[in-house]
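K.L.:
Under the UniProt record's numbering, the first residue of the first sequence carries the number 1, and numbering increases by one thereafter.
Hints are computed from structural coordinates only; laboratory data are not their basis. Incorrect hints may appear among the rest.
To be verified - Calculated cross-link-like contacts (lysine to aspartate or glutamate; reagent style DMTMM-like; alpha-carbon spacing at most 20 Å):
1. K113 with D137
2. K231 with E206
3. K221 with E206
4. K234 with D191
5. K231 with D187
6. K231 with E247
7. K215 with E247
8. K113 with E131
9. K215 with D191
10. K221 with E247
11. K240 with D191
12. K221 with E199
13. K215 with E201
14. K113 with E128
15. K200 with D187
16. K215 with D205
17. K115 with E104
18. K239 with D191
19. K115 with E131
20. K231 with E201
21. K239 with D205
22. K200 with E180
23. K115 with E128
24. K221 with E180
25. K215 with E238
26. K113 with E91
27. K113 with D152
28. K221 with D191
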Amino acid sequence: MASLIQSDKSQEETNTGLCKLSAHPMFQDLQATLVTECFQASVPYTLCSDQSIVGGSDAEPIVDPSFAAVQEAHLQSQFQTLSHDNPKVHELQNFYSTQCAEIETQRCDAIAKLKGQIFQNETQYQTELFEVHTFHDRQRMHLTSRVSSSLDLLKEAMPSGSIVTSSKPKSRQLNSRAIEIMTNWFDRNLDNPYPSEIEKERMADEGNVSLGQVKAWFANKRNRTNNTKPKRQKIQVEKKLLTICSEIAGDDGRTPKLYGDIIQKLSNIINRSTVFNAGTPILSHDIISAENLGYHHQEGYHNQEGYHNPEGYHNQDTAIFSHGLLVADSTISSSDDNSNGST
DNA sequence: GTAAATGATTGACT
DNA sequence: AGTCAATCATTTAC
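Produce the complete structure using the sequences and hints provided.
P.N.:
Structure, rendered in structure tokens:
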């Protein structure tokens, strides 16, 4: 078993190997099993060490850290999994890192002190050095063991769903910077709140959000502030119709006139207009068409360019808006003629 | 507990 | 492909 957890010839290689191994789906299970078995078997430290790499040079001898390495790797992988959701785990991770650093500092100090001493022979020096490493390795193992226990307690205290959360809850509120940038842009462009692709990308970059989030934010914002093109058109036409109706009813101080049929036709405009109802033409043939009035515009809202070209769409506003006025005004004069003729 | 706010998604439209 | 409107899901405020 010791050979199984034997490290490579350097700490770096050990870490690299563990990283590669950790990608395997069975790695964690195997790790946990090994650690458990090592503890249960009380593996003597000497079995985990490799004399061939312990001594023989002036450089700092590498005391095999494999036993602790497996345990530490297991602990670190748990930290990685859990620290995102739990600040206490993150705190524990920080504590662990600090303590490890402290032990390693002490180890270095001890080695430095050793090197300053005079020994009768090389063997005595190696023995002393071996003891220093053994002492500090055990300290690390002890620390790792304690932190693992603490982590287990934390895991027990955590809600069951948060331990294995592959499907993290979607983060809700976009960051305040992004909101500020997009709100500012929207407020500056209330008359045409449609950022170009470049502007959307810029806002996404500056706000550290995705392009899709910017698009969705603006779509929601326009829709919820009634500032989409269709809604604005509808509001504008409603406003004008109200003015006309008010005028007809004599609310403006003029003599009231009986324009019931006109009101009916205005009502038809509302009911049949694509501004109010999708799919039907803006004008029906029983009402004077824009073409008959000498007004030429290509398809109004149905113009596909409108969606792709903000300016084109903007022009549509005017076109449809004018449509409404033209029809309303012409209808009034036309009906006026009719009523005059009939009476 | 409930309503409001908000980000995301979906289906339809051009 | 971009947009709209409706809707869902979740968080926040009360």
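K.L.:
Which hint numbers doesn't this structure obey?
P.N.:
Hints 2, 6, 7, 10, 20, 21, 25, 26, 27 contradicted; others consistent.
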